[in-house]
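Using the sequences plus the hints, can you model the full thing?
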Amino acid sequence: MTSMGREFLLSRIQYRDIYRSQYYLPLLETVIRDMVLYLENVGCINIDHVLFDLIQTIANELDDMILPTVVYEIHSHKGRLSGETAMDRYKNFFFDHSAQTWASTSRTIVKKHKFLFDMMNGYCHSTIDNVKYCLNCLKNDKTDIYQKLLICAEINELCKVTLSGSDRHRNGQTVLFLSFNNQQKLVYKNSNSSIDKTFELFINKLNLLPPYDIKIRNYLTKDGYTWYEYLKHESCQTEQELKHYYIRSGSLLAIVDLLNFTDGHCQNLLAYGQYPILLDLETLYHNFQCNGSQSNDERSIIYTGLIDRQEDYEKNDRNESRSAFQTTGLMVETFQPLVFNDHTDEIKLFFVNTKNSPLSIDQCTSGPRYMLLQNSPCFNGQTYTIHSYLNDFIHGYKYTYSHIEQRKDQLLDNSNQFWFELNQLLSTRQIMRSTLFYSMLIRHLQQPHLALSKAMAQDYLFKYLSKHSSNVNPNILEYEINELLKLNIPYFTQQPNSQQLFDGNGQMFEKFFISSSIEQIRSNIQNMNERYCLRQIEILCDASKQTMTKSGSKCYVCLTAATEY
175 MTSMGREFLL
185 SRIQYRDIYR
195 SQYYLPLLET
205 VIRDMVLYLE
215 NVGCINIDHV
225 LFDLIQTIAN
235 ELDDMILPTV
245 VYEIHSHKGR
255 LSGETAMDRY
265 KNFFFDHSAQ
275 TWASTSRTIV
285 KKHKFLFDMM
295 NGYCHSTIDN
305 VKYCLNCLKN
315 DKTDIYQKLL
325 ICAEINELCK
335 VTLSGSDRHR
345 NGQTVLFLSF
355 NNQQKLVYKN
365 SNSSIDKTFE
375 LFINKLNLLP
385 PYDIKIRNYL
395 TKDGYTWYEY
405 LKHESCQTEQ
415 ELKHYYIRSG
425 SLLAIVDLLN
435 FTDGHCQNLL
445 AYGQYPILLD
455 LETLYHNFQC
465 NGSQSNDERS
475 IIYTGLIDRQ
485 EDYEKNDRNE
495 SRSAFQTTGL
505 MVETFQPLVF
515 NDHTDEIKLF
525 FVNTKNSPLS
535 IDQCTSGPRY
545 MLLQNSPCFN
555 GQTYTIHSYL
565 NDFIHGYKYT
575 YSHIEQRKDQ
585 LLDNSNQFWF
595 ELNQLLSTRQ
605 IMRSTLFYSM
615 LIRHLQQPHL
625 ALSKAMAQDY
635 LFKYLSKHSS
645 NVNPNILEYE
655 INELLKLNIP
665 YFTQQPNSQQ
675 LFDGNGQMFE
685 KFFISSSIEQ
695 IRSNIQNMNE
705 RYCLRQIEIL
715 CDASKQTMTK
725 SGSKCYVCLT
735 AATEY
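When you read off a place in the sequence shown, starting at 1, and then add 174, the result is the number in our numbering.
In case anyone wonders, no lab produced these hints; they're calculated from the structure.
Since this is a predicted model, take the numbers as computed values, not measurements.
Keeping only pairs whose Cα atoms sit at most 20 Å apart, straight-line, the calculated PhoX-like set for lysine-lysine is:
#1 Lys379 x Lys389
#2 Lys371 x Lys389
#3 Lys637 x Lys660
#4 Lys522 x Lys265
#5 Lys628 x Lys285
#6 Lys522 x Lys252
#7 Lys334 x Lys359
#8 Lys306 x Lys316
#9 Lys572 x Lys389
#10 Lys406 x Lys728
#11 Lys572 x Lys379
#12 Lys322 x Lys389
#13 Lys306 x Lys334
#14 Lys359 x Lys316
#15 Lys265 x Lys252
#16 Lys628 x Lys288
#17 Lys406 x Lys359
#18 Lys359 x Lys306
#19 Lys334 x Lys313
#20 Lys396 x Lys371
#21 Lys660 x Lys628
#22 Lys286 x Lys628
#23 Lys322 x Lys371
#24 Lys334 x Lys316
Here's what the structure looks like:
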C-alpha cells in the first residue's frame, strides 16, 4: 500500500472530533504504517478492508482517553477564549487562526499530561502486537484449523480483523474475530482450551439426553491460545424449542454450579437456537476459599454469576443485574464517556456509572453506546425471558441435579478421566476483584489529575487498592498496579490441584487457598442433597422477578443485520 493509500485509509476513519483527533493522528499513522508493512509481508491482499474496522476501533478508544483532559483544559480557559459563538471558542482553543498554527492552549495538553500520551502509545502498540501474534498463529495453523473446524483460514482471504471489546490482559491480549471472503469467521482467544476439554469430559460422562444435554463450541487447542468456531445468535424454530432452551439452561446451571463456575455475566452466554452456550469457560473450577477471607455467604448458584439477586448487585454498587439469565436486549456500556455540548466551549463529560448518571444519557451529543446482548432465546422476532419459562428452567435444574446426585459415586471415582485431566490442568482463571472494579480504575487513570505523571497514578492506585483490600499481599498489589498502569485487567490463575495462586507474570503465592478447587468440587458433589436443591430453586424464583426485560420484547439481534458477539 502506497503512502496515498495509507492517507486514504486515514481519511475514511470517522473521527468524533477533527480537532481532538490531532492528538492521536500521529499514533494512527504509525499503527497503519506498521500494520501495512506486516500484512504485505505475510501475504494479505485485502489490506484496506482488514485494517479499517481495527483502526476505527483504536481511534474511538483513543478519543475516549483524551476526552477528559480536553474537557478539563477547555474549562480551565473558560472566559479567555476568543470567538462570538460557543463553537468558535471551542475551535479557537485548538487553533490560532491569526498565526495559522496550533494554539498554545492546545499544546499545553501535550506538555502537561505526559503520562496520558504514554498510556495511549502503550495501548496502540500492545493492541497491534496482539493482532500480529494472532495472524502469525493463523499462518502456522491454517491446516489444523481446516481439519478441526472446517474453516478455510487462508491469510490471503482475510477481509477483517475485529477487536471483540473483551477485557485486555497481559500486554493487551484480547479476543479477536477474523472474517474471511468466504463468509466464514474464526475466533482467536489468548488462553489454552484445556478447560473446555475437561468440561466436555464431564458433560459427556453425564450422558444427558435431550432436552437436558449441553453443548459447547468446537475448538482447536494450541500452546497458550485457542481457535474457536464463530457462532451467532439463532432463533428457535418452534415454541417447543423455547421450552427446551430453558430446560437446558436449568441443566447448565446445575452442572456449572457444582464445578465452581463464576463470571456468568450476560455477555458470556449465547442463545444458539434451543441451546444456551457459555462462550468463556476460563473461570470454571474457581477457588472460593482464600486464606484470611471471612465470608459468611452461603454457597449457592449466585456464585456462578448466571443468577443475580437485587441485594447482591446493589452490594457491588450496581443498579441492575448483569447475569446471563436475567439481563437481555441492549445494555449501556459501563464507564463510557458521555459528551454533552460537544464541539463547543460548553462541553461537558460524564461517565456511565453502575449507579444513576447525573444526566439522562439520551441527552448526550454523540448518543450512548450499547452492548447488543445475545443471551436470550427468541421466536418469531420476539425475545422470551425466564419469566415465561421459569417452570421449565426449574425442571431442567432439578432433573440434572438429581441425575448427577444418583451417579455421584461413579463421578467421584478416581479412575474417571475427568479427574485425571483436571489434575493435569495447569491454569484456570482466578477472579480476585471484579472486572468492573478494575475497569473503573482504568478510567480513573485517564482523568486529567492522574494523567499528569505515572508517579501520581501509581500513588493513587496504591492508596485506592489498599483501601479496598483486606490483608492483601504487597506483591499482589504491586502486580495489580503495574497491570492497570498499562490499561490491562490484572489476570490471576490457580491450579485446581493446588493451593497456590499465580499472577499473570507467573509469580506464585504459596498456600493462598485453604484447600484446592478439586477438593471443593469433590465436596460439592459428595454433599449433594435435596435441601440444597430446594434452596437453589427458592433463590431462582426470587431472582427471576428481577429480570430486566419481559417476554414479548423485540429481539434486537434479529433486528440487527450484522450480528457479532
